[in-house]
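In the order they appear, the protein sequences are chains A and B.
Residue numbering for the first sequence follows the UniProt record's numbering, starting at 1 and increasing by one per position.
Residue numbering for the second sequence follows the UniProt record's numbering, starting at 1 and increasing by one per position.
Do not take every clue at face value.
[Stated by the list, open to error] Each computed DSBU-like pair below joins lysine-lysine, with the alpha-carbon atoms no more than 30 Å apart: (1) A:258 x A:235; (2) B:337 x A:117; (3) A:117 x B:176; (4) A:195 x A:235; (5) A:258 x A:320; (6) A:195 x A:117.
[To be verified] Partial chain B-side listing against chain A, Cβ under 10 Å, derived: (7) 61; (8) 176; (9) 258.
Since the hints were made in silico from the structure, they are not lab data.
Note that the Cβ used here is the ideal one computed from N, Cα and C, for glycine as well.
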Amino acid sequence: MLIHNRFSGKTRVGAIAALAVSVALLASGCSANTDGGTTAGGDAGSANLAVTFLPKNLGNPYFDTSDKGGETAVNEFGGTFAQVGPAEASPDAQVSYINTLTQQGVGAIVVSANDPKAIGDALNEARDAGIKVVTYDSDTEAQFRDVFINQADSAGIAKVQVDMIAEQIGDAGEIAILSASANATNQNAWIELMKADLAENHPDITLVETVYGDDDDQTSFDKTAALLQTHPNLKGIVSPTTVGIAAAARYLQTSDFKGKVALTGLGTPNQLRDYIDDGTMTAFALWNPADLGYLAAFAAKALIVGDITGAEGDTFEAGKLGSYTVGADSVVLLGDPYVFNKDNIADFDF
Amino acid sequence: MSSTATIPAQTTAPRVYRDYGRPAWRRILFTRESAVIGLLILVIIGATFGVRNFGSPITMTYLLLDVAPILLIALPMTLVIITGEIDLSVASMVGLSSVLVGILHQGGLPIPAAAAVAIIAGAVGGALNGFLVTAVGLPSLAVTIGTLALYRGLAVGLLGTTAVTDFDEFWTSLAKSKIGETGIPSIMIPFVLLAIVFAVLLHFTPFGRGIFAIGLSPDAATFSGVNVNRTKMILFILTGTLSAFAGIYYTLRFGSARGDNATGLELQVIAAVLLGGVSIFGGRGALHGVIAGVLLIGVLASALRLANVTSDVINIITGVLLVLSVVSASFLAWLQKKRQGPGRLKRGRTPAAKA
Numbered sequence: 001m002l003i004h005n006r007f008s009g010k011t012r013v014g015a016i017a018a019l020a021v022s023v024a025l026l027a028s029g030c031s032a033n034t035d036g037g038t039t040a041g042g043d044a045g046s047a048n049l050a051v052t053f054l055p056k057n058l059g060n061p062y063f064d065t066s067d068k069g070g071e072t073a074v075n076e077f078g079g080t081f082a083q084v085g086p087a088e089a090s091p092d093a094q095v096s097y098i099n100t101l102t103q104q105g106v107g108a109i110v111v112s113a114n115d116p117k118a119i120g121d122a123l124n125e126a127r128d129a130g131i132k133v134v135t136y137d138s139d140t141e142a143q144f145r146d147v148f149i150n151q152a153d154s155a156g157i158a159k160v161q162v163d164m165i166a167e168q169i170g171d172a173g174e175i176a177i178l179s180a181s182a183n184a185t186n187q188n189a190w191i192e193l194m195k196a197d198l199a200e201n202h203p204d205i206t207l208v209e210t211v212y213g214d215d216d217d218q219t220s221f222d223k224t225a226a227l228l229q230t231h232p233n234l235k236g237i238v239s240p241t242t243v244g245i246a247a248a249a250r251y252l253q254t255s256d257f258k259g260k261v262a263l264t265g266l267g268t269p270n271q272l273r274d275y276i277d278d279g280t281m282t283a284f285a286l287w288n289p290a291d292l293g294y295l296a297a298f299a300a301k302a303l304i305v306g307d308i309t310g311a312e313g314d315t316f317e318a319g320k321l322g323s324y325t326v327g328a329d330s331v332v333l334l335g336d337p338y339v340f341n342k343d344n345i346a347d348f349d350f
Numbered sequence: 001m002s003s004t005a006t007i008p009a010q011t012t013a014p015r016v017y018r019d020y021g022r023p024a025w026r027r028i029l030f031t032r033e034s035a036v037i038g039l040l041i042l043v044i045i046g047a048t049f050g051v052r053n054f055g056s057p058i059t060m061t062y063l064l065l066d067v068a069p070i071l072l073i074a075l076p077m078t079l080v081i082i083t084g085e086i087d088l089s090v091a092s093m094v095g096l097s098s099v100l101v102g103i104l105h106q107g108g109l110p111i112p113a114a115a116a117v118a119i120i121a122g123a124v125g126g127a128l129n130g131f132l133v134t135a136v137g138l139p140s141l142a143v144t145i146g147t148l149a150l151y152r153g154l155a156v157g158l159l160g161t162t163a164v165t166d167f168d169e170f171w172t173s174l175a176k177s178k179i180g181e182t183g184i185p186s187i188m189i190p191f192v193l194l195a196i197v198f199a200v201l202l203h204f205t206p207f208g209r210g211i212f213a214i215g216l217s218p219d220a221a222t223f224s225g226v227n228v229n230r231t232k233m234i235l236f237i238l239t240g241t242l243s244a245f246a247g248i249y250y251t252l253r254f255g256s257a258r259g260d261n262a263t264g265l266e267l268q269v270i271a272a273v274l275l276g277g278v279s280i281f282g283g284r285g286a287l288h289g290v291i292a293g294v295l296l297i298g299v300l301a302s303a304l305r306l307a308n309v310t311s312d313v314i315n316i317i318t319g320v321l322l323v324l325s326v327v328s329a330s331f332l333a334w335l336q337k338k339r340q341g342p343g344r345l346k347r348g349r350t351p352a353a354k355a
């Protein structure tokens with residue numbers, strides 16, 4: 001009995017020791033594969049071209065596409081690419097990753113912010129440590145980063161949608177707009193710009209009505225049905241919202257209006273692939289996330305090597321995308337939105 | 001086996017022997033708490049030598065800033081779990097107090113006043129949990145799943161999906177300030193004081209003995225004069241209050257009051273408490289083990305992140321560690337029971353008889 005008691009004490013210690021060793025092995029095993037990997041390559045004399053992408057969250061096809069573009073760029077200029085990020089898109093998780101990158105001393109952090117303010121102090125600590133900070137897709141307040149890569153501006157978004165609908169309906173006839181909610185700031189700004197563009201450059205196109213689907217799938221679906229009932233001569237619908245355009249496409253696909261009423265606007269390839277394939281739609285626009293990541297990586301490189309500081313008017317080369325100029329508030333505009341159609345939609349997965 | 005001779009013959013009850021017959025160094029060394037502390041030291045040493053950039057002072061700063069809210073909530077949570085209850089609403093209370101601080105500050109209240117209101121709200125929220133558990137007699141698991149949703153709902157409902165971010169620089173930098181040149185965050189000062197208070201409360205007072213007694217058997221505790229309901233009520237209020245405190249810290253550290261702050265934190269807290277050797281069935285545990293458990297999870301996460309391990313793999317590793325620690329605890333208990341046999345206190349099962 002007493003022997004057993006002593007023995008069980010030893011067993012316990014043994015079990016705990018085994019546990020300890022297994023954890024230590026796990027920890028060291030994991031660290032082993034990093035030394036050869038993506039730790040900072042900041043050797044004396046050469047620029048530290050370790051560029052790490054920190055998307056809003058991992059496992060998000062949109063960011064997988066953009067960060068792949070970033071990786072392509074980093075490989076082109078001979079830097080070290082890494083992508084880290086939290087599983088959920090929360091700012092506190094991003095702060096931990098920014099802190100980690102600060103400790104590692106990477107050359108640049110390319111981040112899509114989950115909150116414009118909450119990750120700011122962590123970014124400033126990183127910058128104090130000599131790390132360049134580029135935001136892409138979603139910006140922080142301007143004082144927390146060196147450069148923001150803006151995917152598209154309002155004028156470009158408005159123009160591409162007017163151009164697409166004009167082309168699809170032969171630059172004449174009645175059109176309608178299916179927007180998100182009546183008080184959505186960005187949507188309303190685009191709609192105003194579109195109206196101005198239509199009035200100025202497309203006198204034969206009449207905008208008969210603007211309806212709001214409240215970014216709700218069913219409401220957008222019903223509003224599409226109502227639009228087509230109310231305006232029998234309608235030739236096209238513009239939907240500058242990803243929820244609206246998908247619902248409208250779904251309605252058109254099974255209705256008599258398929259192929260007769262044009263639909264275009266802002267959407268993502270995965271959402272609209274089927275409707276492009278079966279001819280419900282011919283083209284829609286968004287930006288190209290791969291190009292966004294590609295440009296962000298080159299901006300990071302330009303900051304690291306000192307080609308730019310983020311001041312307005314600085315210019316840098318971005319590989320295949322050509323030359324870019326830093327605008328006001330250290331914003332770099334990717335360019336016009338990207339038009340997706342039957343020819344190129346297969347190249348995208350987001 | 002030669003050591004049999006040194007065992008005093010008069011010892012008949014193995015339990016008594018195990019607790020008092022062994023040399024002090026063995027009693028201290030071979031406990032779950034010591035095992036966790038040992039493991040923590042091992043992992044720290046392993047990470048310092050195995051993971052690049054881990055062995056720098058800034059690591060300690062970030063690490064402690066990260067685990068501070070978990071540490072704060074783990075203190076009262078340990079006591080709650082030792083009584084055999086649980087509080088799943090803590091992270092929602094962090095979110096709610098964060099939102100309260102944000103809204104009140106936006107409405108013109110200075111930070112200390114807003115923080116005071118948030119702490120009162122935390123105490124009230126904890127009291128509601130306590131009331132439903134003690135006066136209504138509902139199981140705490142069900143009650144706090146409900147208030148988890150309720151407090152989070154209130155938080156998100158009050159502020160929507162927006163965030164309040166216009167906090168004075170003074171307060172946000174206070175939350176991240178360090179003690180002199182040490183790199184140790186100032187938040188560790190209130191934490192150490194609270195930890196001492198809780199450790200004394202749990203391990204050196206009648207109130208603390210009552211907590212253990214409740215966890216072992218509420219009926220027996222009642223008969224020995226422990227006021228079970230009052231004790232539980234106090235503990236739930238403490239959990240709510242410290243969660244609110246953590247919420248204020250959270251808000252100021254990130255300079256952002258959001259309804260979804262600290263989502264999922266309750267599971268990290270409970271995982272750390274269990275890893276630290278507290279029995280989920282109540283009646284067993286010690287605060288130093290819990291603190292080591294929190295630090296262990298924090299060090300592992302930090303080291304693995306530095307080693308560029310992705311967050312899902314970090315979750316898998318901490319999950320496996322937790323399962324292993326819980327499994328090993330019950331496995332050892334089972335082993336011990338089996339070796340001691342069913343009638344360990346019966347006459348005739350003396351060492352001589354067995355031999």
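Structure-based check of all given hints:
no. : hint          : in the structure
1   : A:258 x A:235 : 11 Å, holds
2   : B:337 x A:117 : 56 Å, violated
3   : A:117 x B:176 : 15 Å, holds
4   : A:195 x A:235 : 17 Å, holds
5   : A:258 x A:320 : 38 Å, violated
6   : A:195 x A:117 : 34 Å, violated
7   : 61            : 9 Å, holds
8   : 176           : 7 Å, holds
9   : 258           : 7 Å, holds
Consistency with the previously given hints fails for numbers 2, 5 and 6, ordered from lowest to highest.
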